[in-house]
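Both chains are sitting in their own frames, so use the hints and assemble them into the complex.
Each chain, letter by letter, is given below.
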Amino acid sequence: MADDVLPITVTVNGERQTKVVPVRQLLVHFLRDTLGKQGTHIGCDSGNCGACTVICDGKAIKSCMQLAVQADECEIETVEGLSEPLGPQSELQASFAKHHALQCGYCTPGMLMSSKALLAEQPEPDEQAVRRGLKGNICRCTGYVNIVRAVQDAAGTLEQG
Amino acid sequence: MSTRERTVETWTPPATNQVWTGQSVPRKEDNRLVKGQGEFADDAWMHRTGHVHFVRSPHAHAVINGIDVSAAERLDGVFATLTGEEVRRLTDRYSGVAPEPGGRAKDYCLAVAKARFSGEPVAAVLAETRELARDAAALIEVDYEPLPVVLDAIEATHPDAPVVHTEVGSNVGWHGVYDFGDVETACEEADHVVRIPHLHFHRFSSTPLECSAAVVNWDPGTDVINITSNNQMPQFAAMQIAPALGVRTDQLQFRAQDIGGAFGIKLTSYTYLTALALLSRKAGRPAKWTEYRSDHLVGSCHGNERTFTDIEVPVMADGEILGFSAKAFDDVGAHMRYEPLGGVIFTQVLPACYGFQHLKVDYTSVTTNKTPVGPNRGYSRMQHLWMVERIVDIVAAELDLDPVAVRKRNYIPTAAFPYETPNGCIYDSGDYHQMLDKALEMLDYDGWRARQKAAEGSGKRIGIGIGSTLDSGTSNFGQARLINKHLPFSGNGEAAICKLDLHGEVSVALGSAPQGQGHETTTAQVVADVLGLTPAEVEVRPGHDSARNAYIAFSGTYASQFAVTGIGAALGAAKAVRDDIFRVAAAVLECEPGDLQLNGGFVSVDGDEDRAMSFAEVANLVYMNNGSLPPEVFDEASLNRRYVYRPPFGVPDWKTKTGQLTLTYASQVHACVIEIDEETGVTTVLDYVAIDDCGVPINPQIVQGQIHGAAAHGVAAVLQETLEYDEQGQLLNGTFWDYHVISAPDTPAFRTGHVVSPSPFT
Chain A
1 MADDVLPITV TVNGERQTKV VPVRQLLVHF LRDTLGKQGT HIGCDSGNCG ACTVICDGKA
61 IKSCMQLAVQ ADECEIETVE GLSEPLGPQS ELQASFAKHH ALQCGYCTPG MLMSSKALLA
121 EQPEPDEQAV RRGLKGNICR CTGYVNIVRA VQDAAGTLEQ G
Chain B
1 MSTRERTVET WTPPATNQVW TGQSVPRKED NRLVKGQGEF ADDAWMHRTG HVHFVRSPHA
61 HAVINGIDVS AAERLDGVFA TLTGEEVRRL TDRYSGVAPE PGGRAKDYCL AVAKARFSGE
121 PVAAVLAETR ELARDAAALI EVDYEPLPVV LDAIEATHPD APVVHTEVGS NVGWHGVYDF
181 GDVETACEEA DHVVRIPHLH FHRFSSTPLE CSAAVVNWDP GTDVINITSN NQMPQFAAMQ
241 IAPALGVRTD QLQFRAQDIG GAFGIKLTSY TYLTALALLS RKAGRPAKWT EYRSDHLVGS
301 CHGNERTFTD IEVPVMADGE ILGFSAKAFD DVGAHMRYEP LGGVIFTQVL PACYGFQHLK
361 VDYTSVTTNK TPVGPNRGYS RMQHLWMVER IVDIVAAELD LDPVAVRKRN YIPTAAFPYE
421 TPNGCIYDSG DYHQMLDKAL EMLDYDGWRA RQKAAEGSGK RIGIGIGSTL DSGTSNFGQA
481 RLINKHLPFS GNGEAAICKL DLHGEVSVAL GSAPQGQGHE TTTAQVVADV LGLTPAEVEV
541 RPGHDSARNA YIAFSGTYAS QFAVTGIGAA LGAAKAVRDD IFRVAAAVLE CEPGDLQLNG
601 GFVSVDGDED RAMSFAEVAN LVYMNNGSLP PEVFDEASLN RRYVYRPPFG VPDWKTKTGQ
661 LTLTYASQVH ACVIEIDEET GVTTVLDYVA IDDCGVPINP QIVQGQIHGA AAHGVAAVLQ
721 ETLEYDEQGQ LLNGTFWDYH VISAPDTPAF RTGHVVSPSP FT
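Going line by line, the protein sequences match chains A and B. Using this note's numbering, you'd call the opening residue of the first sequence number 1 and step up by one each time. Using this note's numbering, you'd call the opening residue of the second sequence number 1 and step up by one each time.
Since the hints were made in silico from the structure, they are not lab data. Heads up, some of the hints might be wrong.
Said to hold, decoys possible - Chain B side only, calculated, beta carbon under 8 Å to chain A, not exhaustive:
#, residue
1, Asp42
2, Thr207
3, Pro422
4, Pro745
Unchecked claim - Anything over 10 Å on all C-beta distances counts as not near chain A; from chain B, calculated:
#, residue
5, Arg27
6, His433
7, Leu629
8, Thr658
9, Gln730
As the structure is a computational prediction, the values presented were derived from the model and not from experiment. Here a beta-carbon is modelled for each residue, glycine too, at the ideal position from N, C-alpha and C.
Pulled out of the complex, with its shape left as it was, chain B reads as follows (with noise of 0.2 Å):
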C-alpha cells in the first residue's frame, strides 16, 4: 500500500474488475426525467421566436381554387404566411422512395392545387404568439372544391375510382410478387386447402405522448437551418429536405434531447420541418411549432393498413403447414412518404417462426384520401405476423387440430438455426418450441383450458390466444432495391464519438435520437467495461447533434437496431480510445501496449500495478503538455474518436428477391387469456404471459421494460385503439377523448419469462 502510494499518488487500488454489460445498471437518464429537467423539443425557445399554425384541409378530396392570406396578414403581430403555391415555387418535391408509377406523385410540405386527405396541411402563419397564430389561422380562406373520395385500399384499385394522385394514373403505387417455393404445387398435393377470403389489420397509431414540435431558425447571416425538434431519423429527413429547400445537408443542423416517443411516427416530420424553415427564411426569425393532439392524430402519420385477400393455404393431414399465398393491399394514405418500404419489410420475416417452404405474396400499395402512414412500431412485419398467426389458428380450427400442436409442428426446429428462410433471410437463433412451453407453463394453459370448459353457458367466454412472433432488428437498407432497384441504399450502421477529455473525463456521443430506451445507460455499460471504469464515470452525450458529427445517414431510433449499431459504434469508438491510450502508456512507461491494462481511470503495467499513468496524465501529454509527450506517438495519439459501425451485409438480388435483410432476430412468444361478457361485450384479459427471446440483454431491466411496453401496444391495438373515417372521409376520433388509449386500469399486469438463444452475428 505505502508503495503505491509513493509511486502514483492518486491511485487507489481497484475493486475486480467488474463487468457491466448484462447488468440491471440503474439510468443514467432518469434523474433529470424525474425531476422534469429533460429536454423536450418544446422546451427549445429561441430570442424573437414566432409561432407557427397551420391551416388544415377540411375535405378529404379538394381541388384549391385559391387562398386568401390577406385578412390573416392584416393582424398586427403576423409575420408571414405561406401557402401551397408559394411552395411549388419555392422547394422541389420530395425525392420519397417510390419507384415508378407511385414515384410520379408530387409531395410537398403543403397541398399544392389539391387537398388530398382532411388534415393536410394548405398553408401556415408564423405569428408572435401561439393564440395569434391560431386566430390569424382561421382568418385564411381557402376556395375548395370537393371532389369524390377513396378510402378503402381495395376500391381505390378498382378502374373508376376517384384517383387520388392524377399524375400516377391510378391509384396503385406499387405491385410486387414474392413468390418462393411453389405454392401452386404444393395445394394440389396437400391432403387440405384452408381458404381465407378476407382478413384486415385496421389503422392504429402508437400516438407518442408528446406530439411533434420543432424550432426552425434559417440564419440569414451564414445561411444554416438549426433545427431543434423531434425527429427521430434527422438524416432522413435531411435526405429529403435538403433537395427540397435547394440547400446543401450540411446546412441542415439537427438538434434534439428528450424525445417523448416516437414508435416510428416521428420518422416523417420533415414535411413540417420544411415549412418552418421556409417561414423563418420569409419572417426572418425563428418559427416555432408544437403540434396539438389534434393535428397529430390527423396530419401525422398512421400506421399501415393491410387488408388480405384470397388466402390459401396447403396443410397436410397431420397439421402439417406447407405454405401460403395471399394477396396484401396497403392502405398507405395520401402520400406514399416512407411507402412503399412497407411493401418489402414484412418479408424480413415472410414464413414468421415457421418451417414454410412454399410462399406467396401479391403485395399492392395503394393511396386513398386518409391520413399518410408511417413506419408505427412493428412496421410491416406486425400485420404480416398478425396473418400468418390468424393462418395457423384458422388451419387448426378447420381442422379441428389443437393450435399449439399445429404451432409445434410447424415451428422451425431449435436445431436448424442459423435457419435461411426461403427468401434468403438469415434467423440468427431461438428456440420456438421451448418458448411456447414456457409460456403455458407459466400461464397454466391446461387449467384455463378447463376452467373454459366449465364457463360455457355462464354467460361469460374464456378465450385463450397465443402469438408468435419474432422482431427482426438491425435492416440491410438494400432491401428498399426490392421495390426500387434505382435507390442507392444497401447495408446499415451507426456512428459514435469516444474521447478522453482535457482531465481524462470519458465522453461518447452518439448519432441516435433516443425515445426512452436507455441508450445513455447502455452504452455506459459497453464502454465501461472496455475502458476499465464504472457507467458512472461514462458521460453520454444525450440526443443526436449534428456539430458533433457522430452521425451517418443511418443514424436514428427505429427499427429495433440500437443495441446492435448505436453499440456496435460506441464500442469501436471505445476501443480505438483504448489503443491510443495503451500507445501513449506504452511509450511513457516503456512497456508493450499488450502488456498494459486499463481500470479505474488508470492505465498499468499487468502484473506490475506501481507502473500506472492515470487517464488524467496520459489526456495531459496529448492535449496540454505534448513537448513532453515521446515523440514515437506523437502523431498517433488522438484520444478522440469516431467510428463507423457496419453490419456485414450485401445487396439484395432484386431479380430473385432474396438476400439477407436483417442481421438480428428476437423472438417473442405470448399467450393471454381474455373473457368476454356475451351480453354487453365487455373485454376482460385475466392473464398475460410474455416470454420473450433477445439474445443476451445488456441491461435485463430495460429489456423488461420494452417488453411491456410493446405488449401494452398490442392489447391496445386490439381490444380499443383504430382510427376511424366517415364516408366522406373525416376521421371520427381525432382527440384523446374518442382515440382510446390504453390506460393503466385497461392493462395487464404483464408477467414476463425470458429464453436465451445468443446471436452468433453479434
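Same shape as in the complex, but just chain A (with noise of 0.2 Å):
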C-alpha cells in the first residue's frame, strides 16, 4: 500500500500532463519535485502557513493537505504561471515589488496565489477585508502593512495617502 502507484492527470498553469504518482505523495511534493514548480514552498505541513498555496479550479488551496492523486482531473494554476518567466510582471506581482510587500520572499507566491483568488471573489476589497482573506497566510518579516496596501491597490481601492 505504502509504496503504490496511480497515474494521475493535471493540468497545470495550462498544460495538461499525466503522471504516474505515489499515493502517499502530497500535492506539494508532487508540484516541487516532480514537475520543477519550486516557488511553490512549505512552511508548516498542517495547513496553517499558506506558503504552499495554489489555485485548484479556482479555489485557493493549500497544496500540502492533499495528496497528489486527489488533484487527478484538477485544473492547477502555481505561482509560476502568474507571468511567463522571463516576461514582465502581473500587475498583483508589480504591485507587490511596488509597496514591498516582500522581504525574504518564502511566503510571498502563496500570498500572491491567495491574493489573486482573493480578488477573483472579491474584485473590491477594503482593508479589512484584505486582511481577512490572507489570514491563511503568513508572513514573518512584513507585518502585512504593505502586502494589505499592495493588494489594494492591484484592487485599486488604495486610498492614496
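Okay, structure coming up:
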C-alpha cells in the first residue's frame, strides 16, 4: 500500500500532463519535486501558513493538505503561471514589488495566489477584507502592512496618502 | 554633440549625476521572488541525493541504554543510519563559547548516552525518499531510561535539582555580576526604593517561515564537503563543524542564495549540518534534509527565556531614577551552544535609553531540559530593555507619576550624545525626547487618555503603552571575552569583492547571507554612487558562497550590522576598483588620476569630457589586451578588488567588564493603545505608532519594512506567541496549529514616523 502508485492527469499552468505518482505523495511535493514548480513553498506541513497555496479549479487551496492523487483531473495554477518566466510581472506581482510587500520572499508565492483568488471573489476589497482574506497566509517579515497595501492597490481600493 | 560622437562612438551625455543612496530604489531581488524564481535551501538537489530523517527523543531527560537500527537498515532503499554512539566515535565535541563550568558540557550533533530535551535528535536515517526515511526512522528502537526533569531556570539552580550535564556539576553554566556606580548607596540615599520581586520574559521564537534545510555532499574524491543550506552565519558554523569533524575549514564549501527568514534561529543549525556530513560520507552520496515545522519548533532553537528577581530601583521624589539592581536567570535549554553570549549581549544597552548611573545585574545562565536557545531577533537586549521599561512603568505607577514624565525626566538628554554609558558603551546619537513627543502626537495621546477615562465601567478597558528602546548594531565580538576571557575574538567586519568583468560590467560579491533585508539593492545603490552608474547596472551576487572568497569569520546577516559592515565592505571594494580605473585611464588619457571622473560607465577628464574611456575599454586593456596596457600601470591594475571592512574596535576589558561593545545605536519609541474586553479577555490593538531613528537611511522603504516586521514580532510575542511545556518537559505547542503565529487580521496597521540623528561614526 505504502509503495502503491497511480497515474493522474492534471493541468498545471495550462499544461495538461499525465504522471504516475506514489499514492502517499502530497500535492505540494508533486508540484515541487516531480514538476519542478519550486515557487510553491512549504512552511508548516499543517495547513496553517499558506506558503504552499495554489489555485485549484479556481479556489485557493493549501497543497500540503492534500495528496497528489486527489488533484487528478484538476486545473492548477501556481505562482509560475502568473507571468512568463522571462516576461513582465503581472499587475499583482508588480504591486507587491512596488509596495515592498515582500522581504525574504518565501511567503510571497502563496501570498500572491491567495490574493489572486481573493480578488477573483471580491474585486474591490477594503483593508479589513484583505486582512481577513489573507488570514491563512503567514508572513514573518513584513508585518502585513505593505502586503495589504499591495493587494488593495492592485484592486484599486487603496486610499492614497 | 557631433564632436563627441566622432571622439567616442558609444558616448551618450549622461544625465546629471544622480545620488542613489538614500532613495527608495525598487528592490533588485523582487523580480525573481515574485515569480517564484528564488532559490531556497529546499530547492537544492543533487544527483543520487538521499533524504534524511532524524529520530528524536520523546523524553525530556533520559539515559540512552542502546539504539537498534537493524530493522531500519534492512529496508530496501535505506542508505545509512547514524547514532549518537557513532557520533561520539567519529567526531569531537563542539568547542562552543562557554568557559568553565558550562564549557565542560559535551555537545555533539546527536545525543550521546543521554537525551537532554524532548525532541533532541538521537539517531538519523538516510534513505532513497523522504517518506522512506521517515518510515525507517520509525523502525529504529531506542532503549530509554527516563530521568527526572528540570524545566525552570531558578529551580534548576537548587542543589537538589536534576543535573542536565553531570560533567558540569550543576545547571549553572555561567555566572557573572555587572556592577557599575554604587546602587547600594543610591538605594540608601534615594527618596523611595521601588522593589519588584519577579518578572518573567517568556520563551518564544520568531519562527522563520522557511524551516532549516540543507544538502550536504562529502565528496570522496576531493574531500570537499559541499554544504548548500540556509545557515545564516556559515563561517561560525565552519568554526564549529570543522574541528568536530576533524577537517580543515577550507574543506567546507558553504553556499546559500535566498533564505526564507532566519531571525537568529538559523545560526545554530550547524549541529544538523554535521550529522548530514557524516551520513553523506558513510553512504557516499549527498544527504538532503528539510526540517518539518514540528521538528523546527521542538528541535531548532528558541529565544532566551529570562526571569528577573529582586529588582530594586532607587527613585528621587521628582521621578529621577538613579539606576537599578536585578538578578537575571536565563533558561538556555539543554545545551549552551551560542550561550552564554546572552549573558553579555544585553550589556550593550545596560542603562537602556536612560541616564542611570548605578547599575547592577547579577546574571546566571542555566541549563534545563528544554530546547536549546539561539540568538532570536533582539537577542538578549530585548529581554533586558523590556525589564527596564517595566521598571519605568512600575515606578510611575507606584509613585503615582506620569509614565511620560518619568521617561522624559530620565532619558539621556540629546545634548549628551555621543554618550558614554557607565559600562563604557558609546551611544553615538539619538533624540529620545523628540521621538517620544512625535509618537505621542501621532497617537493623540491626550485624546486616548480621555477616552480611557470615559471607557471606565463600560466593560472594555483601554490601555496605553509606551516602549522606548535602542538597538545596538555591529557588535564588538571582543565582548565575548567578558564571559570567557580565553576566547580569541574581538572586533567585527565583513568582506566584499567588487570587480569589472571582461566587458566592463560591474559586479559585487558579499559575504552575508541575506534573509529579506534587500542586500542586493542597498549594495547596488552605494556602489552605483561610487562608480557613477545606476543600481540596475551593478550586479550584486546574492547569498553566500565560500568559493567567491568574499567572507571573513564574522560574515553573515545577524545582529543588525549589514548596513555598516556589509555596506562598508562593498564601499571599500568599489572605491578600490574606482582607483584602478582611474590609474589605467590616467595612463591612457595622459592625465592625473585626480583629474578623472566616473559617469554613465565612462571615465573621463573632468571639464574635458571628450577625453574618455568606457569601462569596457578599461577592462579590455586589463583582461584581454594587456600588450596595449601602459607599462607604468602593468602591476597595479587589477579591476578585481577584495576589501575587508573593520570597525574601529579595541578589546573590552574583561576585568572591569567595560568597553565599546557596539558601534551604532538605532533608537525606537513605540506607543500603542489596546482594548481588553473584561469578560472575554479579548485584546484588540486600537492604534500603534512606531517612531524610529536609525540615522540616515540608505533606502527608506526598506527601513520602514524592517520596522513593520519587527513591530509585528513584538506584538506577536506579547499577545499570542509562546512556547509552553508540561511538567514532563513536553512542548505543548509544537505545530502552527497551537503555536499561534501572528496573522494579517491580528496585526495592527502600524503607523511610522522618523527622527534622523546621523551617527558620527559611520
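Review point. Hint by hint, which ones does this structure get wrong, listed from lowest number up?
Key: Of the numbered hints, 3 and 5 do not hold.
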